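From first to last, the protein sequence lines are chains A and B. Note that my numbering gives residue 51 to position 51 of the first sequence, counting from 1, and the numbers run on in steps of one. Note that my numbering gives residue 54 to position 54 of the second sequence, counting from 1, and the numbers run on in steps of one.
Any given hint could turn out to be false.
Stated by the list, open to error - Think about it this way: if two alpha-carbon atoms lie no more than 20 Å apart in a straight line, the pair counts; the simulated SDA-like pairs of lysine to any residue are:
{"id": "1", "chain 1": "B", "residue 1": "50", "chain 2": "A", "residue 2": "36"}
{"id": "2", "chain 1": "A", "residue 1": "14", "chain 2": "A", "residue 2": "29"}
{"id": "3", "chain 1": "B", "residue 1": "50", "chain 2": "A", "residue 2": "51"}
{"id": "4", "chain 1": "A", "residue 1": "13", "chain 2": "A", "residue 2": "24"}
{"id": "5", "chain 1": "A", "residue 1": "31", "chain 2": "B", "residue 2": "20"}
{"id": "6", "chain 1": "B", "residue 1": "45", "chain 2": "A", "residue 2": "5"}
{"id": "7", "chain 1": "B", "residue 1": "14", "chain 2": "B", "residue 2": "64"}
{"id": "8", "chain 1": "A", "residue 1": "76", "chain 2": "B", "residue 2": "63"}
{"id": "9", "chain 1": "A", "residue 1": "75", "chain 2": "B", "residue 2": "3"}
{"id": "10", "chain 1": "B", "residue 1": "75", "chain 2": "A", "residue 2": "54"}
{"id": "11", "chain 1": "A", "residue 1": "75", "chain 2": "A", "residue 2": "60"}
{"id": "12", "chain 1": "A", "residue 1": "75", "chain 2": "B", "residue 2": "64"}
{"id": "13", "chain 1": "A", "residue 1": "50", "chain 2": "B", "residue 2": "44"}
{"id": "14", "chain 1": "A", "residue 1": "75", "chain 2": "A", "residue 2": "29"}
{"id": "15", "chain 1": "B", "residue 1": "76", "chain 2": "A", "residue 2": "14"}
{"id": "16", "chain 1": "A", "residue 1": "76", "chain 2": "B", "residue 2": "71"}
{"id": "17", "chain 1": "A", "residue 1": "31", "chain 2": "A", "residue 2": "60"}
{"id": "18", "chain 1": "B", "residue 1": "50", "chain 2": "A", "residue 2": "21"}
{"id": "19", "chain 1": "A", "residue 1": "31", "chain 2": "B", "residue 2": "3"}
{"id": "20", "chain 1": "B", "residue 1": "75", "chain 2": "A", "residue 2": "56"}
{"id": "21", "chain 1": "B", "residue 1": "31", "chain 2": "A", "residue 2": "54"}
{"id": "22", "chain 1": "A", "residue 1": "50", "chain 2": "B", "residue 2": "19"}
{"id": "23", "chain 1": "B", "residue 1": "31", "chain 2": "B", "residue 2": "49"}
{"id": "24", "chain 1": "A", "residue 1": "75", "chain 2": "B", "residue 2": "57"}
{"id": "25", "chain 1": "A", "residue 1": "50", "chain 2": "B", "residue 2": "28"}
{"id": "26", "chain 1": "B", "residue 1": "50", "chain 2": "A", "residue 2": "72"}
{"id": "27", "chain 1": "B", "residue 1": "76", "chain 2": "A", "residue 2": "33"}
Just so you know, the hints here were simulated from the structure itself, not pulled from any lab data. Quick caveat, the model's predicted, so the values are computed rather than measured.
Protein chains: 2
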Amino acid sequence: MANVDLTVAAVFKKFRATQGVSQEELAFKAKIHRTYVSQLERGLKSVTLKTLLEITNALGIELMQFMQAVDDEMKKA
Amino acid sequence: MANVDLTVAAVFKKFRATQGVSQEELAFKAKIHRTYVSQLERGLKSVTLKTLLEITNALGIELMQFMQAVDDEMKKA
Chain A
1 MANVDLTVAA VFKKFRATQG VSQEELAFKA KIHRTYVSQL ERGLKSVTLK TLLEITNALG
61 IELMQFMQAV DDEMKKA
Chain B
1 MANVDLTVAA VFKKFRATQG VSQEELAFKA KIHRTYVSQL ERGLKSVTLK TLLEITNALG
61 IELMQFMQAV DDEMKKA
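This is chain A alone, in the form it adopts within the complex (with noise of 0.2 Å):
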């Protein structure tokens, strides 16, 4: 089985990058610790549902968008 933290790291940088907010940005707007951030990206930590939700919702995406690309790297791995 494919690492989950390592997909869920790879689509959140993904999604950070594409929409153009820094890890401070996303940190302050999700209310979560950059370093954390940083360890997610790095896929050193796991995300609860919900971190990953306030974290969605700071990135102005929707949960179920950033599962079903979660959901299709996996498959692919």
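Guided by the hints, dock chain B onto chain A, whose structure is given.
What follows is chain B alone, placed relative to chain A:
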């Protein structure tokens, strides 16, 4: 915003009942503690995507099927 952990709890219980799996069986199959299953079903913990994937595998359902049910419930609330 709807409380995602309470929504996950409700969806979780629903799928476990539909699949006819006890908390004990699920805990064993997903390699998590039975107490943790119980806490998730009461909305006391926020599940990580990694654990959620182990749980959906153990229940024999797709991650996206679970997530879609969570999303539907949150939009209703």
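Status of each hint after checking the structure:
Between residue 50 of chain B and residue 36 of chain A the CA atoms are separated by roughly 17 Å; this keeps the pair inside 20 Å, and the hint holds. Restraint check for residue 14 of chain A and residue 29 of chain A: satisfied, since their Cα atoms lie roughly 18 Å apart, inside the 20 Å limit. Taking the CA atoms of residue 50 of chain B and residue 51 of chain A, the gap is about 14 Å. The hint holds against a cut of 20 Å. This hinted pair checks out: residue 13 of chain A and residue 24 of chain A have alpha carbons roughly 13 Å apart, not beyond 20 Å.
For a cut-off of 20 Å, the pair hint linking residue 31 of chain A to residue 20 of chain B is broken: about 39 Å separates their Cα positions. Only pairs whose Cα atoms come within 20 Å are accepted, and residue 45 of chain B paired with residue 5 of chain A is accepted, the gap being roughly 19 Å. Among the hinted pairs, residue 14 of chain B with residue 64 of chain B is consistent with the structure: their alpha-carbon atoms are about 15 Å apart, no more than 20 Å. For the proposed pair residue 76 of chain A and residue 63 of chain B, the alpha carbon gap of about 15 Å is at most 20 Å, so the pair holds.
As the CA atoms of residue 75 of chain A and residue 3 of chain B are separated by approximately 29 Å, the hinted pair breaks the 20 Å bound. The hinted pair formed by residue 75 of chain B and residue 54 of chain A meets the criterion: a straight-line CA distance of about 15 Å does not exceed 20 Å. Restraint check: the Cα-Cα separation between residue 75 of chain A and residue 60 of chain A comes to about 25 Å, which exceeds 20 Å; the hinted pair is violated. Between residue 75 of chain A and residue 64 of chain B the alpha-carbon distance is near 12 Å, which keeps this suggested pair within the 20 Å criterion.
Of the supplied pair hints, the one linking residue 50 of chain A and residue 44 of chain B holds, its CA atoms being roughly 12 Å apart against a limit of 20 Å. As the CA atoms of residue 75 of chain A and residue 29 of chain A are separated by approximately 31 Å, the hinted pair breaks the 20 Å bound. A C-alpha spacing of about 29 Å is found between residue 76 of chain B and residue 14 of chain A, which places the hinted pair above 20 Å, so the restraint is violated. For the hint linking residue 76 of chain A to residue 71 of chain B, the alpha-carbon distance of about 24 Å lies beyond 20 Å, and the restraint is violated.
Between residue 31 of chain A and residue 60 of chain A, the direct Cα distance comes to roughly 14 Å. Compliance with the 20 Å bound is thereby established for this hinted pair. About 25 Å separates the Cα atoms of residue 50 of chain B and residue 21 of chain A, which puts this hinted pair outside 20 Å; it is violated. Between residue 31 of chain A and residue 3 of chain B, the direct Cα distance comes to roughly 16 Å. Compliance with the 20 Å bound is thereby established for this hinted pair. Among the hinted pairs, residue 75 of chain B with residue 56 of chain A is consistent with the structure: their alpha-carbon atoms are about 15 Å apart, no more than 20 Å.
For a cut-off of 20 Å, the pair hint linking residue 31 of chain B to residue 54 of chain A is broken: about 28 Å separates their Cα positions. Restraint check for residue 50 of chain A and residue 19 of chain B: not satisfied, since their Cα atoms lie roughly 25 Å apart, outside the 20 Å limit. A hinted pair counts as satisfied when its Cα atoms are at most 20 Å apart, and residue 31 of chain B with residue 49 of chain B qualifies at roughly 15 Å. Pair hint residue 75 of chain A plus residue 57 of chain B holds up; C-alpha atoms about 14 Å apart against a cutoff of 20 Å.
Distance check on the hinted pair: residue 50 of chain A and residue 28 of chain B sit about 25 Å apart at the alpha-carbon level, beyond 20 Å; violated. A C-alpha spacing of about 16 Å is found between residue 50 of chain B and residue 72 of chain A, which places the hinted pair at or below 20 Å, so the restraint holds. The straight-line distance between the Cα atoms of residue 76 of chain B and residue 33 of chain A is roughly 31 Å, outside the 20 Å bound, and the hint therefore fails.
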